[in-house]
Amino acid sequence: MRLISPNGLWFLTLIPIFVLMYILKQRYEETQISSLYLWQQVVMDLDATSPFQRLKRNLLFFLQLLVLLLCIFALANPFIWWKNNNYQNIVMVVDASGSMSALGEKDKKLEEAKQKAEDLVNSLSSGTKMTLISAAKNIKVEVSGSTDKKEVLSRLKGIAPTNSEGSLEDTFSLVKAISEQYQSCRTVYFTDYNPDLKELDGEVAVLGPQRPNVSLDYIAASRGDQLLKVMLRVTNHGTAATDAELCLYGEEKLISIKNEELKACETKTVYFDNVPAGSKYIYGELSKEDGLMEDNRVYTVIRQKEAKRVLLSTGQNVFMEKALNTLKDIELFKTLPDEKIEEGFDLYIFDGEYAGNLPQKGNILFLDPQKSNGFFKTGEGLIGGKAEISPHSVTKYMNNSDFVISQISSLEMPYWASPLITVGDREAAFAGEFKGQKIAALGFDIHNSDFPLTLEFPIFVNNLISYLIDRDTMAATQYSCGQEIAITPLPEAEKIYVKTPEGQRTELSSEYPVKPFEQTSLSGIYDISQKVGEKEIEKLVAVNFPVSESGLYNKDDYENAGKDTPAAGTTADSRLQEDSRVNDRGGINLLNILLAAALLMAIAEWMAYVRQYRV
Amino acid sequence: MLLAMMEKVFDEDFYRKLESISIKVRMTLTDGAAGGRKSKAKGSSVEFSDFREYTPGDDFRRVDWNAFGRFDKLFLRLFMEEREALLNIFCDCSKSMDYGEKNKAAMSLRIAGIMTYLALNNLDRVCLNRLTESTLVPSSSFMGKSSFKKALQFLESGSFTGNTNLAASLKRKDLKSRGISVVISDFFTSGSIDEVIKYLAFKKQQIILIQVLSEDEINPQLGGQVRLVDSETAEEMNLTITPKLLKTYNQKLKTLQSGIKSSAKKYGGVFFQLSTSDSLEKIVFEDFTREGIV
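In the order they appear, the protein sequences are chains A and B.
Counting in full-length UniProt numbering, the first sequence runs from 1 upward without gaps.
Counting in full-length UniProt numbering, the second sequence runs from 1 upward without gaps.
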């Protein structure tokens, strides 16, 4: 036993004061009686017959003295060590990945892990330095080297399920670095599998048991003429065969149900044909409850728009081609200037000379036009100069541009257009809408400028193409929980909102670069809407539980386990015994026990008082 | 005020009840003028009591000749001799009696009053005595109902002060003839009570000892740390009251009472305890009757 705060023993000096106070205490209640005649006889009699009477009368004094002693001893904070687990430092790693959302003994494994960690923290002596790490997709040091149990416990409470992928292996280097700075350090992992700790000296608290689980891993919809064909992949992670009822929903409406028999560890692909295409999103659901509920739904968004078709008519323009190639959501076609163009593209880009007729439909971008056309007039070439950016939704994020143009053609900007770039008092580029066609023109050859060499060039091209075609700014619609949703805002977007499956609406700053949306711990459909003028452009994103977290054990383990014929209904990892060392508490802090004893003594004293004087 | 209280207690209805009862006197009273009390002594009165056989030296005049005619034996007719009884009431007037929510002094004066009334109503002589310190203040002898008021005035006139040595002050009374002596006190006295009883028995008195106690003395309502102050001597005593202490107190009280009772019984006397919370009716009709006083 050790006294953590031996200074508390100074309070023992209170004892003589207490005794003195007791002796000096003159709290006699004066009562007048007719005669002391009988009382004198009583006292004489008692003194004669019972020499211990005086002691007995002081029972309360002794009880009070005991309470005081217990309190003083509690102030000294005594601590009893068990089994020499005298660690001064402890590092606790709590696995917060998706698989920890599975059901443990009673609660979710993450909650059970937190409870175990809390028990461990409470058992530590008060001087122990505690480090708490939560590991999921990202590794977060919640508390580092703190001796404040309250803080550690509150941070521990704050660890929320991420549903994301994650591996404890990623924490090893960090834990190693932390533990190396201490002389004696104990590392405890709270997780649902038994990681290979390699040379790391640590203990693992394996949360169990592993329960049977069936997961939906993947959903995809391909568009037929009118109807959708939906593919759903389902895996049985349990060691026993099971059946699964697969429900397919279009938005919130049930579309179809299929029953599938699944053997142990089997993955099946199930097709749903002739699914109506009207829904914005669809999801598959397993109706049967199992060990991990989070992976019983899988979502996908139905693409409403096809990729835009862009036709580039150019002799050779490496800069433009490169810039256009970065736009993944457009289908780029190329043609030579002397070839006849076909109708049916969303955007035509004419670079330099073009002899043929201009298309009547679709938007047009002119690069260094050599002659006048139906939209604007061109003049003779002029000597250029430093380019100035004019404010426009296309020139957003280009405020710091600094480039020069050596030669420009004198374009006459029509009334319906607005300038984008000016050189001196001449418009070098403009854009506008005329009779339903969006038209833009660059009055210079980009080879005659250092513009393509600046950072702003791809932004400009991206913004310009987005302006000219109604472009889908977010290509990816499938994410895993914990992944960041990358948002490329429309150039003219004023505000961006994200609505989570829970219905919580968050506004994101539309300033470039837009920070990706991070709070994707819930699987489901996220609604990202961008406000452009009066209307809101909505875009849906599906976030699914990561497939890698559904398998509650490794396949190798299963194969080995299969030979050992594990009990039905449990998975292979249930064989893993919880590392008993974790239950070896560091010791017992006697503070609370002593305080409880003091309280009991106080109650006993009160009862003795009542019994002696009030009966 | 005391008188007013007593007048209230002794209303007419109460007087009427009392008149029908008289104190029984078991002693033979030889001295004094003829009174209304039936003495156990046989003497020359008109009321027949008993026969007994003639023994030489008896008065021939009392021989029942009719009985001699029938039985051929000499029998004497015995008659109840009617004598007045002398009732001495000794009232303890120490400070300790002036105690209690229901005052012990008031109670003892009332009892003295009742007994005085009963005696006067029975044509007996009453002498009241107040005992204080080691002195004795006797009243004049009261006779006849008319002197009842005077008796009450005498009772009222005294004050309750000081400490009383019961034996010392009572011995100052020179009891010349047989009679009934009533001592009303709490008997928390420094002098020996045995001595009092022996003195009264020696003076051929029928002894009646009445202990008047307040409820607080019978069942003390005390607890915790107390400093008891003696009302007579102002002596202090610090005590931690425990249930055991209270139990011992009760035992002591009982021992005191049984001690007095057995001493009194030895000399043909009676002893009983009254509480100030008892009603006067209860005292007269239950306690006095039980003890054979009325």
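Because the hints were derived from the structure by calculation, they are not lab data.
Hints may be right or wrong, so weigh each one.
Claimed, not checked - Pair by pair, the computed Cβ-Cβ distance ranges are:
#1 Glu236/B / Lys149/A: 48 to 58 Å
#2 Gly223/B / Leu3/A: 39 to 49 Å
#3 Gly223/B / Ile80/A: 20 to 30 Å
#4 Asp45/A / Ser279/B: 29 to 39 Å
#5 Lys282/B / Ala596/A: 37 to 47 Å
#6 Gly127/A / Val229/B: 36 to 46 Å
Unchecked claim - Chain B is nowhere near these chain A residues, computed Cβ spacing over 12 Å in every case:
#7 Gln32
#8 Met44
#9 Leu46
#10 Leu66
#11 Met293
As the list claims (entries may be wrong) - Part of the chain A face toward chain B, derived, beta carbon under 7 Å:
#12 Tyr28
#13 Thr31
#14 Ile33
#15 Ser34
#16 Tyr37
#17 Trp39
#18 Val42
#19 Gln64
#20 Glu180
#21 Ser184
#22 Val188
#23 Val318
#24 Glu321
#25 Glu388
Computed from a predicted model, the values in this text were never measured in an experiment.
Where a beta carbon is used, it is the ideal one built from N, C-alpha and C, also for glycine.
Evaluation of the provided hints:
no.: 1; hint: Glu236/B / Lys149/A: 48 to 58 Å; result: holds (56 Å)
no.: 2; hint: Gly223/B / Leu3/A: 39 to 49 Å; result: holds (41 Å)
no.: 3; hint: Gly223/B / Ile80/A: 20 to 30 Å; result: violated (43 Å)
no.: 4; hint: Asp45/A / Ser279/B: 29 to 39 Å; result: holds (34 Å)
no.: 5; hint: Lys282/B / Ala596/A: 37 to 47 Å; result: violated (57 Å)
no.: 6; hint: Gly127/A / Val229/B: 36 to 46 Å; result: violated (59 Å)
no.: 7; hint: Gln32; result: violated (5 Å)
no.: 8; hint: Met44; result: violated (10 Å)
no.: 9; hint: Leu46; result: violated (6 Å)
no.: 10; hint: Leu66; result: holds (19 Å)
no.: 11; hint: Met293; result: holds (65 Å)
no.: 12; hint: Tyr28; result: holds (4 Å)
no.: 13; hint: Thr31; result: holds (5 Å)
no.: 14; hint: Ile33; result: holds (5 Å)
no.: 15; hint: Ser34; result: holds (4 Å)
no.: 16; hint: Tyr37; result: holds (4 Å)
no.: 17; hint: Trp39; result: holds (6 Å)
no.: 18; hint: Val42; result: holds (5 Å)
no.: 19; hint: Gln64; result: violated (14 Å)
no.: 20; hint: Glu180; result: violated (66 Å)
no.: 21; hint: Ser184; result: violated (57 Å)
no.: 22; hint: Val188; result: violated (56 Å)
no.: 23; hint: Val318; result: violated (106 Å)
no.: 24; hint: Glu321; result: violated (104 Å)
no.: 25; hint: Glu388; result: violated (99 Å)
Checked against the numbered hints given earlier, the structure breaks hints 3, 5, 6, 7, 8, 9, 19, 20, 21, 22, 23, 24, 25 and satisfies all the rest.
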